[in-house]
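Asker: Taken in order, the sequence shown gives residues -17 to -1, 1 to 286; the numbers are from mature numbering (1 follows the signal peptide of the UniProt record, and there is no 0).
Warning: the hint list may mix true and false statements.
Below are the BS3-like pairs computed for lysine-lysine, each with C-alpha atoms no more than 25 Å apart in a straight line [stated by the list, open to error]:
#1 Lys179 with Lys192
#2 Lys281 with Lys186
#3 Lys66 with Lys125
#4 Lys281 with Lys192
#5 Lys125 with Lys138
#6 Lys192 with Lys181
#7 Lys210 with Lys185
#8 Lys67 with Lys128
#9 Lys69 with Lys105
#10 Lys210 with Lys192
#11 Lys267 with Lys124
#12 Lys267 with Lys128
#13 Lys267 with Lys67
#14 Lys128 with Lys138
#15 Lys181 with Lys281
#16 Lys267 with Lys125
#17 Lys69 with Lys128
#18 Lys125 with Lys105
#19 Lys105 with Lys267
#20 Lys267 with Lys281
#21 Lys124 with Lys105
#22 Lys66 with Lys124
#23 Lys128 with Lys66
#24 Lys69 with Lys124
#25 Lys210 with Lys186
Pair by pair, the computed Cβ-Cβ distance ranges are [stated by the list, open to error]:
#26 Glu141 with Leu61: 41 to 51 Å
#27 Ala205 with Glu284: 17 to 27 Å
#28 Asn213 with Gly233: 15 to 25 Å
Since the hints were derived computationally from the structure, they do not count as laboratory data. Each residue gets a CB set at the ideal place from its N, CA and C atoms; glycine is no exception.
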Amino acid sequence: MRVWVVFLLCLAGHAFAAPTEEEPNVEELVAEEPAAEVSPNFLFIREVDVGTNPVQVEVGEFDEGIEVDEDVAENPCLNYQCKKGKVCEVDESNTPMCVCQDPSTCPPAEGEFEHVCGTDNKTYDSSCHFFATKCTLEGTKKGHKLHLDYIGPCKLIEPCLDSELNEFPLRMRDWLKNVLVTLYERDEDNNLLTEKQKLRVKKIFENEKRLQAGDHSLDLLARDFAKNYNMYIFPVHWQFGQLDQHPIDGYLTHSELAPLRAPLIPMEHCTTRFFEECDADDDKYIALEEWASCFGIKERECR
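With the sequences and hints as input, model every part of the structure.
Answerer: What follows is the structure in C-alpha cells.
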C-alpha cells in the first residue's frame, strides 16, 4: 500500500533522538534530508517510512548500574552533544563546552541537493556550512536576522497572488487530515499518536462522509470544508502542536516553523506570504488563534 507521510515528522523526530547540552533550535532539523517530490494536489507529501513523533517521545530513567566508559572519562566530548553549528572542545580543566565550528571543517557537499538557502539570499554548500556560519555571527545584528530559509539553492520565488494565497489553506487542510488518517492506520504499536489523539482521529477515519485522499479540485476541497468543517479542526490544532516545541508556549517562532516552511518554499511559492500574514499582529510570533484563523477555523474552537 502506498503511504503518504508528512516529511516534517521525520525531520522533527531527530530533535528528540538524544539529549542535548544546549536547547536545540528546531530550524536546524530541516536540512537533514533532501527535498522530496510533491504530489500534484498536496502540500509537500512524501512516500517514506514514518519517523518518530516528537510529541510522543518520553525521557527514560537512567539505569544506576551503567558503568562509565573509560574513553568517555578520558574525553568528555564523546558523550557531549552540541547543537548544529557548534562542536565540543574541552577547557584546561577537561570540562566539555560547545564552540562555533569553523565552516571550512564541514564535509564537502556531495551534490546540489545538500545546498540550503539562507534568509540572506545566499546559497550555502550544506546545512553544516550554514549553521557554522550563523554561529560565528551570534550576537550581531546580521546573525540575529539570519535563518535557514529553505532547502535547495537560492532561486527566484515567484510572487504569490491573492487568488493563489486563498487556495493555499484548502490543500493544506486536506493534507493534514490525510496525514493524521495515515498515521492512525500505521499506528498499531508505534506510538505515533497518543491514545487521546487516536480517539480523535478514529472519528475522522470512520466517518463515511470523509473525502478520501486523492487529487481533488479546489472547488471540491472548499465544498468539503464547508460541509465537514468539524473534521478539519483537530488536524489544524495537531499540526500546531507538532511545531510548538521549543518551548511549548502556544506560539510559533520562525525557528519552530522551519521544519514545515523550509522544504515547502521551493515548491509552494505562497508559503512565505501565507505564514507572514498568519502573524496578524506582526509580532514575529504566530499564536494558536492566528494559526487557526489562517486555516479558517473559528476562534471559539481554539479555547
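Asker: Which earlier hints can't be squared with this structure?
Answerer: No hint contradicted; all consistent.
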